[in-house]
Each structure stands twice: as C-alpha cells, then as structure tokens.
Amino acid sequence: MKRHLISAGDLSRDDALLILDTAEELARVSERSIKKLPTLRGRTVVNLFFEDSTRTRISFEAAAKRLSADVINFSAKGSSVSKGESLKDTALTLEAMGADAVVIRHGSSGAPHRLANWVHGSVVNAGDGTHEHPTQALLDAFSMRRRLGALDGRRITIVGDVLHSRVARSNVLLLHTLGAEVTLVAPPTLLPVSVDTWPCSVSYDLDGVLPKSDAVMMLRVQKERMNAAYFPSEREYSRRYGLDRDRFAKLPDDAIVMHPGPMNRGMEIAAEVADSPRSTIVEQVANGVTIRMAVLYLLLGGEIA
Amino acid sequence: MSESRAVLEGPDIHRALTRIAHEILERTKGADEVVLLGIPTRGATLARRLGDRIEQFEGLKIPVGSIDITMYRDDLRSGPVRPLGRTELPADGVDGRTVVLVDDVLYSGRTVRAALDALNDLGRPTAVQLATLVDRGHRELPIRADYVGKNLPTAKSEKVKVFLQEIDGRDAVLLMKEEAR
Numbered sequence: 001m002k003r004h005l006i007s008a009g010d011l012s013r014d015d016a017l018l019i020l021d022t023a024e025e026l027a028r029v030s031e032r033s034i035k036k037l038p039t040l041r042g043r044t045v046v047n048l049f050f051e052d053s054t055r056t057r058i059s060f061e062a063a064a065k066r067l068s069a070d071v072i073n074f075s076a077k078g079s080s081v082s083k084g085e086s087l088k089d090t091a092l093t094l095e096a097m098g099a100d101a102v103v104i105r106h107g108s109s110g111a112p113h114r115l116a117n118w119v120h121g122s123v124v125n126a127g128d129g130t131h132e133h134p135t136q137a138l139l140d141a142f143s144m145r146r147r148l149g150a151l152d153g154r155r156i157t158i159v160g161d162v163l164h165s166r167v168a169r170s171n172v173l174l175l176h177t178l179g180a181e182v183t184l185v186a187p188p189t190l191l192p193v194s195v196d197t198w199p200c201s202v203s204y205d206l207d208g209v210l211p212k213s214d215a216v217m218m219l220r221v222q223k224e225r226m227n228a229a230y231f232p233s234e235r236e237y238s239r240r241y242g243l244d245r246d247r248f249a250k251l252p253d254d255a256i257v258m259h260p261g262p263m264n265r266g267m268e269i270a271a272e273v274a275d276s277p278r279s280t281i282v283e284q285v286a287n288g289v290t291i292r293m294a295v296l297y298l299l300l301g302g303e304i305a
Numbered sequence: 001m002s003e004s005r006a007v008l009e010g011p012d013i014h015r016a017l018t019r020i021a022h023e024i025l026e027r028t029k030g031a032d033e034v035v036l037l038g039i040p041t042r043g044a045t046l047a048r049r050l051g052d053r054i055e056q057f058e059g060l061k062i063p064v065g066s067i068d069i070t071m072y073r074d075d076l077r078s079g080p081v082r083p084l085g086r087t088e089l090p091a092d093g094v095d096g097r098t099v100v101l102v103d104d105v106l107y108s109g110r111t112v113r114a115a116l117d118a119l120n121d122l123g124r125p126t127a128v129q130l131a132t133l134v135d136r137g138h139r140e141l142p143i144r145a146d147y148v149g150k151n152l153p154t155a156k157s158e159k160v161k162v163f164l165q166e167i168d169g170r171d172a173v174l175l176m177k178e179e180a181r
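So the protein sequences, as listed, match chains A and B. When we follow my numbering, the leftmost residue of the first sequence carries the number 1, and every step to the right adds one. When we follow my numbering, the leftmost residue of the second sequence carries the number 1, and every step to the right adds one.
In short, the hints are calculated from the structure, not lab data. Check the hints yourself; a few may be wrong.
Restricting the straight-line Cα-Cα distance to at most 20 Å, the calculated cross-link-like pairs of lysine to aspartate or glutamate (EDC-like) are [unchecked claim]: (1) Lys250/A - Asp205/A; (2) Lys36/A - Glu58/B; (3) Lys159/B - Asp75/B; (4) Lys61/B - Glu26/B; (5) Lys35/A - Glu55/B; (6) Lys36/A - Glu88/B; (7) Lys29/B - Glu55/B; (8) Lys161/B - Asp12/B; (9) Lys150/B - Glu26/B; (10) Lys65/A - Asp12/B; (11) Lys36/A - Asp12/B; (12) Lys36/A - Glu9/B; (13) Lys223/A - Asp254/A; (14) Lys88/A - Glu51/A; (15) Lys177/B - Glu26/B; (16) Lys159/B - Asp171/B; (17) Lys65/A - Asp117/B; (18) Lys35/A - Asp92/B; (19) Lys250/A - Asp275/A; (20) Lys65/A - Asp121/B; (21) Lys2/A - Glu303/A; (22) Lys36/A - Asp95/B; (23) Lys29/B - Glu58/B; (24) Lys77/A - Asp205/A; (25) Lys36/A - Glu26/B; (26) Lys36/A - Asp68/B; (27) Lys35/A - Asp117/B; (28) Lys35/A - Glu88/B; (29) Lys83/A - Asp52/A; (30) Lys35/A - Glu9/B; (31) Lys161/B - Glu55/B; (32) Lys35/A - Asp171/B.
Source: prediction; values computed, not measured.
Looking at chain A on its own, in the form it has when it is part of the complex (with noise of 0.2 Å):
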C-alpha cells in the first residue's frame, strides 16, 4: 500500500481486498466487551477538519482510539486558521508536533494532495471539495460485500447528485477496481462534464435500471451546494430520482439499498424505504469505524519509512 490514502483511484485491486479482509477481522473486535488493541500505541493520529462533519470525525477518532493511538481533533473553527493561517503552515504546526497521521477534511479538492508534500506521516483523505472521500467508498464496498458477498460482475446504482458528490468519485473508482459494474443515475445537470471518463455507464432512467441493480446508493441532495438551478423543485426530483416504496418493489428481491447520510428522509429516500430490513444504513456507520481502524493499522501498524 501506499503511504498516504488521498483517492481511491491510488488502491490497487490487491491493496482494496487487504484493507476489506483487516476489516472483516477487526469486526470481530467491534462485538467483544473490550473493543481496544493496543497496536497504535505512541502514535498520534491528527483529526484536521476544515468542514463540518460529525460522522466522518468522530468515526475517525473512535477508530484511532480504539486501536490505543493518540487523537488530536483541530477544527477550523476558533483556531489559528480563523485567524488566517495558511494550509502549509498549519501542516509544519502539526508537524512539530510529532502527528504520524494526519486526516484531513477540507473544503477545496486537492488540499490533502498538497499536504502530503508537506508532512512525513501519513495522510488520509476524509472528504476533500467535491473531489474524493476514499474511506467511505471502503465503507460502501466492505458494507456491500458483508450483505453481497464478492463484488466481482455485481451492479451497483448511484443514483443522484453526482456533481458535487465525493462520495460517487470515490465509489465508482473502487468498485470498479472491485470488478463490480456501476451505473450513475442523475438528471443531466447534476452530471459532472468528464463523467464519460469514469469507468461506469450513465443512466437518466432510473425506473429502468432498478430490476437489473444488486445494490442502490442514493447520495443526499446536498442543499449547501445547490448555487443554481439544477432542478425545477425538490418536489420534481423527488417523483424522478427519489427511491420511494413503489420503486422499491422494482429491486430484486436480495437487492440492498444504501446511503452515505446524512440522508433527507421523504427526498432522495422515503422513510419507510430507509428502515427497512435491506436498508444497511445503520450498518454503514457501524463498518466506518471498522475501515477506518482497517486503514490506520496499514498505514500506521508497519514500519514507518
């Protein structure tokens, strides 16, 4: 493996199953009564959040924590970063303070690519602009395989806001490493422009590709970034995109349904969809941490170079 984990594009087929099976190994200890190792111990594992994110942060901080590796949460908010202090700079901050990872969430693509250049340990990538969010689509692949089974011929649907979706990249780029076959369903405005680059087909009909999809992602529609006018109403994605009880019942029947959260209920998904029994979004959370321990105890578990 690599020593820094920015896209999941940089993971080989043979890297991705190693950081699936630690997981599987490592779920074991999530159900005993003593869930820490002490394989971490010593080392410091920086949590640098530029963006809001309680999910991803504190996964990322019981993850090192239960593997007995020192935290240390900077937020951007009431730090020196308010106060101006640049991307570099706060990198040779933590630098000096000895962080053997650093995992960055940042609202600009690229900025744990610069940071890399500019520290010596580690870097994960948490969620960087509209780029990538590579232990998510780890999550994803470990939570469709535990349900699934091997991914390989298996055809997974994305369906929504790809343009601003990390989430998306990240999965398409793994899962098709995985040997799975993905479709984007979105309506054409919420299509980034190179999508025909990615290794995955493109769909605007998302009634026909449900009968024939082993498992459907839905990505929240994410207000924040909505700066024009991608849609009529929320009301006409809705009836178009959204996974409502009747589209439901056009999955096949062992079919699973997925999402990054946090979701908006009666929008992309309807209530009754999302707690369901073949719903695994609770189970995402849970296998985040899960991942996450898989990817610090690879990047931080050996020997350091």
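Given chain A's structure and the hints, the job is docking chain B onto it.
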C-alpha cells in the same frame, strides 16, 4: 543455499499429538473445562487436531478456537505491516475455563506473551496452559510449555519450519541450517 533435515515425519507428529492429547486429559482431569485456542496459522490447525484426538479418546467434544496475536506483537514497528489472522472464540467464551494455547514452534516466547495479552482482552480464564509441537529453546521471556511434542536443541542461526497436511499438503518438521549472513 540452505540445507534442511526432517526432525519429525508424519507418524512422529501423529504420535506426539496423541501423547499431548492424553497429557491434557490427565493434567486437567478429563478436560471438562478445557478450551483449546490455536495461534494462527499452524497452531490453529494443531488445536483442531488435538480437539479431534481428545474427542476420539473420551467422546468429549471440547471447544476449539483460534487467537490471532498480530495486533499484540512487540515487533510491529520492524518490517512491513502484517496481515491479520483469524480470532475465533467458542460460543461460551473463555471465562472460568482452562485455556490451552497451542502453537507450532516455541522459540523466544514473545508470541506466547502476545497471546497472553490478547487473551486478557477476551475474558478471564481460570488457568492458561501452553502446548507446542516443537520447543527449540532460546527463550527471551520467562515462559515455558506445559505440553511439548519434541524438544529440539537448535542454534539461533537455524530455522525450524513446520508443515501440516491441511495447509502444506504434508506433515513434517524441518530443521534448516542457514548460512551465515
């Protein structure tokens, strides 16, 4: 090149495990409270064989599991990151039981130290014992085995390699003389 010599062949391993199974039954007075935990990979296979043996002798099915020690090793920071093995505890756990740890080769004792730490996070056994197919000496910690298949005097420069039918397609213990590096 290294030269190697078989110190135990298939039938020897068979006899050694049979004897250890009898010793476990004797020492634990019928093995009622015993849980066998093998250290992956080959220790786990040996634990299963011992379990089968004890069942043959006494008609008693004793719980068998495995305990991975990778996350508890003291040498993780030397060398590349290691893939994890499987930890599988019997349904009733280890609380109040006599745990017999099973490994293929006992050498520095550091693996067993790690296994004791791992066990500590899994429950509280009444007692912990240790069975090993080969004891090759050179202990670095105050640890000894309760059941030994074969005591094998070795030089530190030599390597002991255990082959088992289930994993390697044959049963043998080889002693390899490594040339000085």
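Comparing the hints with the structure gives:
Taking the CA atoms of Lys250/A and Asp205/A, the gap is near 13 Å; set against the 20 Å cutoff, the hint holds. At roughly 38 Å between alpha-carbon atoms, Lys36/A and Glu58/B are farther apart than 20 Å, so this suggested pair is violated. Of the supplied pair hints, the one linking Lys159/B and Asp75/B holds, its CA atoms being roughly 19 Å apart against a limit of 20 Å. For the hint linking Lys61/B to Glu26/B, the alpha-carbon distance of about 16 Å falls within 20 Å, and the restraint holds.
Annotation: proposed proximity of Lys35/A to Glu55/B is violated, straight-line Cα distance about 33 Å (limit 20 Å). For the suggested pair Lys36/A and Glu88/B, the alpha carbons sit about 17 Å apart, so the restraint of at most 20 Å is met. Under the criterion of a C-alpha separation no larger than 20 Å, the hint pairing Lys29/B with Glu55/B is consistent with the structure, at around 15 Å. With a C-alpha separation of about 15 Å, the suggested pair Lys161/B and Asp12/B falls inside the 20 Å cut-off, and the hint holds.
Taking the CA atoms of Lys150/B and Glu26/B, the gap is about 19 Å. The hint holds against a cut of 20 Å. Distance hint between Lys65/A and Asp12/B is unfulfilled; the C-alpha atoms sit about 47 Å from each other, more than 20 Å. Proposed proximity of Lys36/A and Asp12/B is contradicted: the alpha carbons are some 41 Å apart, above 20 Å. Simply put, Lys36/A and Glu9/B have alpha-carbon atoms about 41 Å apart, too far for the 20 Å limit, and the pair is violated.
A distance of roughly 32 Å separates the Cα atoms of Lys223/A and Asp254/A; the hinted pair therefore is violated under the 20 Å criterion. At roughly 17 Å between alpha-carbon atoms, Lys88/A and Glu51/A fall within 20 Å of each other, so this suggested pair holds. Taken as a hint, the Lys177/B and Glu26/B pair is broken in the structure, with Cα atoms around 37 Å apart against an allowance of 20 Å. Between Lys159/B and Asp171/B, the direct Cα distance comes to roughly 17 Å. Compliance with the 20 Å bound is thereby established for this hinted pair.
A threshold of 20 Å between alpha carbons decides the hint, and for Lys65/A with Asp117/B the separation of about 18 Å falls inside it, so the pair holds. At most 20 Å may separate the alpha-carbon atoms for a hinted pair to count; Lys35/A and Asp92/B meet this at roughly 18 Å. Between Lys250/A and Asp275/A the alpha-carbon distance is near 17 Å, which keeps this suggested pair within the 20 Å criterion. For the proposed pair Lys65/A and Asp121/B, the alpha carbon gap of about 15 Å is at most 20 Å, so the pair holds.
With a C-alpha separation of about 13 Å, the suggested pairing of Lys2/A with Glu303/A holds against the 20 Å cut-off. Our distance criterion of 20 Å between C-alpha atoms is met by Lys36/A and Asp95/B, whose separation comes to about 18 Å. For the suggested pair Lys29/B and Glu58/B, the alpha carbons sit about 12 Å apart, so the restraint of at most 20 Å is met. For a cut-off of 20 Å, the pair hint linking Lys77/A to Asp205/A is broken: about 42 Å separates their Cα positions.
Between Lys36/A and Glu26/B the CA atoms are separated by roughly 36 Å; this puts the pair beyond 20 Å, and the hint is violated. Distance hint between Lys36/A and Asp68/B is fulfilled; the C-alpha atoms sit about 14 Å from each other, no more than 20 Å. Restraint check for Lys35/A and Asp117/B: the C-alpha separation of about 14 Å stays at or below 20 Å, so the hint holds. Using a Cα cut-off of 20 Å, the hinted pair Lys35/A and Glu88/B holds, with the two alpha carbons roughly 15 Å apart.
Using a Cα cut-off of 20 Å, the hinted pair Lys83/A and Asp52/A holds, with the two alpha carbons roughly 18 Å apart. The straight-line distance between the Cα atoms of Lys35/A and Glu9/B is roughly 42 Å, outside the 20 Å bound, and the hint therefore fails. Between Lys161/B and Glu55/B the CA atoms are separated by roughly 28 Å; this puts the pair beyond 20 Å, and the hint is violated. The suggested pairing of Lys35/A with Asp171/B is violated, with an alpha-carbon distance near 37 Å, which exceeds 20 Å.
Of the hints listed earlier, those the structure fails to meet are numbers 2, 5, 10, 11, 12, 13, 15, 24, 25, 30, 31 and 32, in rising order.
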